[in-house]
Amino acid sequence: MSYLLTVLHHLAKDLRLEWRSRDAITGMLFFSLLVVVLFSFAFDPTAAVSRQIAGGILWVAVLFACVTALNQTWTRELRNHVLDAQRMAPSPASALLIGKVLANFIFVTAIQLILAPLFIVFYNLHALGPKWMLLLILPLGTWALVMNGTFFAALGLRTRNRELLLPLVLFPISIPALLAMVQATTGVLTGDADPVLWIKLLAGYCIIFTTVCVLLFETVLAAE
Amino acid sequence: MMQPRKIIMMKKLLWLWGAASVAVLAWGTRLALFVAPTEATMGNVQRIFYWHVPSAIMGLIFPYVNFIAALVYLGVRRKSVTAADKADAFALAAAEVTLVFVSIGLITGMLWGRASWGIWWTWDERLTTYLLLWLLYVSYMLVRRFSSTGQTHTLAAVISVFAAIDVPVVYMSIRWWRTQHPSPVFFGGKDSGIDPSMMPAFLWCLLGWAMWGVFILCLRYGLERRRQRIAYNTALRAVEAGLEGNA
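Protein sequence lines, in the order shown, are assigned to chains A and B.
So for the first sequence, the working numbering puts the first residue at 2; every next one is plus one.
So for the second sequence, the working numbering puts the first residue at 7; every next one is plus one.
Just chain A, same shape as in the assembly:
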């Protein structure tokens, strides 16, 4: 119970900080918007083609946006040695991670809610498969990206070039999740393939990697 309370405290703190500055959300939103527009210029797709590629473009845009925002999420804690205080605090370290992941999850979901209508307009989308499945695919995919991304951003804190390091580590690890998200989304949009298998894979990926991140976070936080 107290664990849950600690998580909620961390979450509330991150939400309040973001509400006051609105750095992460505006940055991510404009960045992903630019990616969507640029891809639209680059491919100039017709309705049929856009159904094939929109899933990939959506997730690549979200992935890039995540990386730009997640690099900032821990630097915030470095100011005034907040992170050192966190390290010495008696509360479990994983509560800090979970709180931060939840906050980032909320930010990225907000971005997707704004981005989705724009996608439909710019790419002339009309899904042919079961649309309600997107309600499963989007949160699961976002969770997979944000969980690993927050973890590896913390891992990169004590390295040189930490902005560069995050994508270099995060992208290879997320390949199976990315494949599953893109395949499932494309399956829903085109109606050709059944997305259920991919949703299962995505759920499995989320469970496995959330467990590993939670177990290893204390090691990473306390690493010299």
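Because the hints were derived from the structure by calculation, they are not lab data.
By construction, the Cβ of each residue, glycine as well, lies at the ideal position given by its N, Cα and C atoms.
Misleading hints may appear alongside valid ones.
Said to hold, decoys possible - If you want a taste of the chain A side facing chain B, the calculated C-beta under 8 angstroms gives, among others: (1) L12; (2) A13; (3) K14; (4) L156; (5) V170; (6) P177; (7) L180; (8) I209; (9) T211; (10) V213; (11) V221.
Claimed, not checked - Chain A residues, not near chain B, derived (Cβ > 12 angstroms throughout): (12) Y4; (13) L5; (14) E19; (15) D45; (16) P46; (17) V68; (18) P91; (19) S92; (20) S95; (21) A111; (22) M134; (23) R159; (24) T160; (25) L169; (26) I176; (27) L202.
To be verified - Which stretches of chain B does chain A cover? Using the computed rule of at least three CB atoms under 8 angstroms from a CB of chain A, they are: (28) 53-63; (29) 164-177.
Starting from the known structure of chain A, arrange chain B on it as the hints suggest.
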């Protein structure tokens, strides 16, 4: 600290082992190029098999060495500095050997693929998994290089654990992907068994590459241990100089 005589003895043994592995490799290659029968459909092109498959197998064994060393490192990190340093040096050596073997496997595989399928690359489950293994170990090496304090061993060990979990997931997901969209080329014919007359060449090459891998691993481990010792001594001397300056 080991006795100097014992170190010299071990060094000699190591070089002897290296010479033996070169000899075995040479013998295996001779068998592969001149003794083994020419394959029925592919002809002489198939002879790259005798180097490709052993290095590919080694590229799948050494990641486990790295993973186990990383786990040992994470386990003993707080208890014993020497044991942790040893495990870390072992993990680094295994990672570098992995990277070399996976690169050789990828390059020889692409050459072979070009000659027998007509394409350099396909997103087949095995090829993709192997490429991911390569990418993960490159990022492992990058994390070790990007450290600001030279203290990213723990972080690298964490990445090693992630890599060990990620590779099976990718294998599974690509397999699903490919069963939904049939693959343009069929892969895996070699697994259905090779002619017994090809077996000696294959086994000798496998043994040769395994011995060579162990040789490089030990050499690299010794080098890394020596580097650690020098860094430790330098730090110690700096502390002593500081103390004398204060006195």
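Minimum Cβ distance from A:L202 to chain B greater than 12 angstroms, as the annotation requires: violated, 6 angstroms
Classify the label on A:S92 as holds or violated, using whether its beta-carbon is more than 12 angstroms from each beta-carbon of chain B. Holds: least Cβ distance 20 angstroms, greater than 12 angstroms.
In terms of Cβ atoms, is chain B entirely out of 12 angstroms range of A:A111? holds, 28 angstroms
Given coverage of the segment 53-63 of chain B by chain A, checked by CB-CB distance under 8 angstroms (3 or more): Contact hint for the segment 53-63 of chain B vs chain A: violated, 0 residues under 8 angstroms.
Could you check if A:P177 really has its C-beta closer than 8 angstroms to a C-beta on chain B? OK, holds: A:P177 within 8 angstroms of chain B, min 5 angstroms.
Interface hint for A:L156, Cβ within 8 angstroms of any Cβ on chain B: holds, 5 angstroms
Distance rule for A:D45, whose beta carbon must clear each one in chain B by more than 12 angstroms: holds, 25 angstroms
Is the Cβ of A:R159 more than 12 angstroms away from each Cβ in chain B? Violated, since 6 angstroms does not exceed 12 angstroms.
Holds or violated: A:V221 as interface residue toward chain B, Cβ cutoff 8 angstroms? holds, 6 angstroms
Hint status (Cβ of A:I209 to nearest Cβ of chain B, threshold 8 angstroms): holds, 6 angstroms
Just double-check A:L169 for me: nearest Cβ-Cβ distance to chain B has to come out over 12 angstroms. Violated, since 5 angstroms does not exceed 12 angstroms.
Run the C-beta distances from A:P91 to all of chain B and say if the shortest one exceeds 12 angstroms. holds, 18 angstroms
Violated hints, in rising order: 1, 2, 3, 9, 23, 24, 25, 26, 27 and 28; the structure is consistent with all others.
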